[in-house]
Amino acid sequence: MAKQNQNTMSRALARRETIAAYLFLLPSLIFFLGFVVIPMVICIFTSLTSSNMNASAASGFVGLANFIRLAGDATFIDALINTFVIVLVSVPTVCAFSLWVSSVIYQMNGPTLSLFRCIFYLPVVTGSVAVTVVWKWMYDNYVGVFNYVLTHIGLIERNINWLGDEKYALWCIILILFTTSVGQPIVLYVSALGNVDQSLVEAAEVDGANSMQVFWKIKWPQMMPTTLYILVITTINSFQCFALIQLLTSGGSGTNTVMYYIYYTAFKLTEQAGHFGYANAMGVVLAIFIGLLSAVQFKLAKEK
Amino acid sequence: MKSGVQHKSIYRVLSVILLVILAFLFVFPLYWIVTGAFKTTQEINSVTPVWFPSTWTLDNFTRLFSRRTAPLFPMGPVGPAAIRWLVNTVFMAVAAMVLTCITASMAGYALAKKRFRGRAILFGLIVCAMALPKQVILIPLIREISALGLYDNIWAVIFPTVGWPFGVFLMKQFSESIPGEILEAARIDGANEARTFATIVVPMVKPGIGALAIFTFINSWNDYFMQLIMLSSNNNYTISLGISTLQAETSVDTGMLMAGAALAAAPIIIIFLIFQKYFTQGITMGAVKG
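So the protein lines, in turn, are chains A and Y. Just so we're aligned, residue 1 is where the first sequence starts under my numbering, counting upward by one. Just so we're aligned, residue 1 is where the second sequence starts under my numbering, counting upward by one.
Hint data in this document are derived by calculation from the structure and do not stem from the laboratory. The reader is advised that the hints may include incorrect statements.
Claimed, not checked - The calculated DSBU-like cross-link candidates involving lysine-lysine, where the alpha carbons are at most 35 Å apart (straight line), are: (1) A:Lys217 to Y:Lys277; (2) Y:Lys113 to A:Lys219; (3) Y:Lys277 to A:Lys299; (4) Y:Lys277 to Y:Lys114; (5) Y:Lys114 to A:Lys217; (6) Y:Lys114 to Y:Lys206; (7) A:Lys299 to A:Lys217; (8) Y:Lys113 to Y:Lys277; (9) A:Lys299 to A:Lys219; (10) A:Lys219 to Y:Lys8; (11) Y:Lys113 to Y:Lys206; (12) Y:Lys277 to Y:Lys8; (13) A:Lys219 to Y:Lys277; (14) A:Lys167 to A:Lys268; (15) Y:Lys114 to A:Lys299; (16) Y:Lys277 to Y:Lys206; (17) A:Lys219 to Y:Lys206; (18) A:Lys167 to Y:Lys206.
Said to hold, decoys possible - Output of the computed footprint for chain Y on chain A, the stretches with three or more beta carbons under 8 Å from beta carbons of chain Y: (19) 36-45; (20) 143-151; (21) 276-284.
Glycine is no exception: its CB is placed at the ideal position from the N, C-alpha and C atoms.
Can you make the complete structure from the sequences, with help from the hints?
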């Protein structure tokens with residue numbers, strides 16, 4: 001009898017705890033469900049319809065037709081390839097570069113460390129529009145600093161139209177993306193390097209390990225969680241390079257990406273403007289790829 | 001042994017030299033914006049770059065301010081549109097910051113310290129949503145915003161920013177460090193949930209709120225994509241959107257664009273420099289137990 005009583009009491013307590021928890025969550029959930037989760041659900045649903053700009057027009061269920069059409073859309077395939085080139089190039093270089101910078105600066109004294117950390121973070125804070133506007137000028141065919149410097153030190157013979165040439169445009173965008181991506185990883189690596197267990201490092205040094213061995217055998221494994229986190233955020237960040245492409249090339253010169261193509265299909269493309277079902281199908285494909293990529297990264301990191 | 005030490009110090013010196021060169025390259029675009037904003041048109045368009053302006057001029061700003069006009073605030077006196085865009089941007093960033101800090105600190109506390117049904121699912125959903133590029137939900141979001149009558153309204157940019165779950169995630173990380181015994185003691189003393197939150201939880205996660213505040217402010221200020229798709233009229237533009245519109249209109253007037261870029265970047269860089277400490281803390285905290 002007493003036990004049953006206690007059971008009902010703890011159940012009442014648990015219920016009160018649940019109610020309290022949801023009350024705390026409520027304000028946040030309204031925004032999260034309303035402006036992230038519900039649009040996502042609608043996105044998946046409309047990707048299976050022929051929905052478009054005029055709500056009155058046929059928006060019937062078309063099954064996987066949008067996805068089948070995507071597989072045959074050369075522009076989409078190009079955009080998908082570009083998206084992957086951007087991610088596959090920028091993620092490893094950003095990680096390696098920020099690890100190197102951090103390993104050089106983490107033992108410096110406070111103000112110097114802050115100064116360097118700050119400098120590498122500045123491009124992130126400056127904001128994508130300001131950054132893009134100035135880089136566009138720097139890449140300019142006639143009055144840009146790139147052409148001036150590179151022709152004068154003899155690396156190139158004549159001026160290059162960086163953003164108008166299919167050979168270079170995507171790489172130019174990757175370079176800007178790179179400068180705006182390393183800030184956060186450097187902050188993270190500096191703090192991770194500072195947190196490495198010093199007694200292990202000293203023990204290894206006493207045993208005669210050189211600094212390379214200490215780094216790869218002692219420090220690197222301890223920083224694995226940080227590296228994983230950096231991989232994930234850099235991947236996400238690389239997928240978000242919309243502003244650079246919209247403002248520099250409008251998806252031309254072979255720089256189209258899935259993110260830009262979604263925007264273009266929904267709002268810009270003249271003959272098929274407002275093909276929402278189709279654009280949403282691209283969104284779903286993109287989300288699936290990102291999900292797979294994150295899963296692979298987690299799995300790789302777990303195995304290590 | 002000795003040559004090893006020497007080897008190491010040479011490597012160290014070379015690294016530092018390379019690092020300093022790279023640091024200059026990283027600062028260069030910003031330097032180019034600031035000097036460009038004060039250069040004459042002739043120096044801007046010179047084929048041989050003018051590394052340091054010979055004369056400093058305010059012409060670029062004059063052209064920027066006279067190009068478009070707008071009421072300085074709703075129903076206020078008419079002034080340069082760029083100033084109105086700055087006003088809009090500050091309002092947007094502050095509103096997003098305040099709302100995010102309130103909602104996320106409450107939700108983060110609940111996720112970290114309460115045991116309730118649906119907790120694991122909800123947290124999983126939050127982590128997944130953080131990886132989602134906003135372009136994926138672009139169309140449904142716009143239609144929803146239009147249905148709510150918020151299209152071309154600054155709140156259309158603010159609400160989705162508040163909904164972005166990174167803040168909840170960050171505040172959960174900070175709230176994990178609150179000792180359970182303190183909460184238990186407060187309950188035994190008869191404090192109700194709201195009071196426990198206000199008098200015990202909030203003071204303990206203050207550094208987290210500071211980090212989140214500065215994070216949200218900067219992200220919202222620079223979230224060009226949301227501004228682009230949600231705002232359409234001159235009076236409602238943010239500074240980023242305004243500058244990008246000017247660029248589309250007149251890509252030849254580089255000086256004016258640099259003045260605009262300087263105007264857009266200066267406030268946010270100053271805020272970043274002032275609150276740098278909180279910022280670093282916030283970034284590192286997000287990674288712990290990520």
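The hints, checked one at a time:
no.	hint	result
1	A:Lys217 to Y:Lys277	holds, 31 Å
2	Y:Lys113 to A:Lys219	holds, 33 Å
3	Y:Lys277 to A:Lys299	holds, 34 Å
4	Y:Lys277 to Y:Lys114	holds, 30 Å
5	Y:Lys114 to A:Lys217	violated, 39 Å
6	Y:Lys114 to Y:Lys206	holds, 19 Å
7	A:Lys299 to A:Lys217	holds, 21 Å
8	Y:Lys113 to Y:Lys277	holds, 27 Å
9	A:Lys299 to A:Lys219	holds, 21 Å
10	A:Lys219 to Y:Lys8	holds, 18 Å
11	Y:Lys113 to Y:Lys206	holds, 16 Å
12	Y:Lys277 to Y:Lys8	holds, 32 Å
13	A:Lys219 to Y:Lys277	holds, 25 Å
14	A:Lys167 to A:Lys268	holds, 25 Å
15	Y:Lys114 to A:Lys299	holds, 29 Å
16	Y:Lys277 to Y:Lys206	holds, 13 Å
17	A:Lys219 to Y:Lys206	holds, 32 Å
18	A:Lys167 to Y:Lys206	violated, 50 Å
19	36-45	holds (count 7)
20	143-151	holds (count 3)
21	276-284	holds (count 5)
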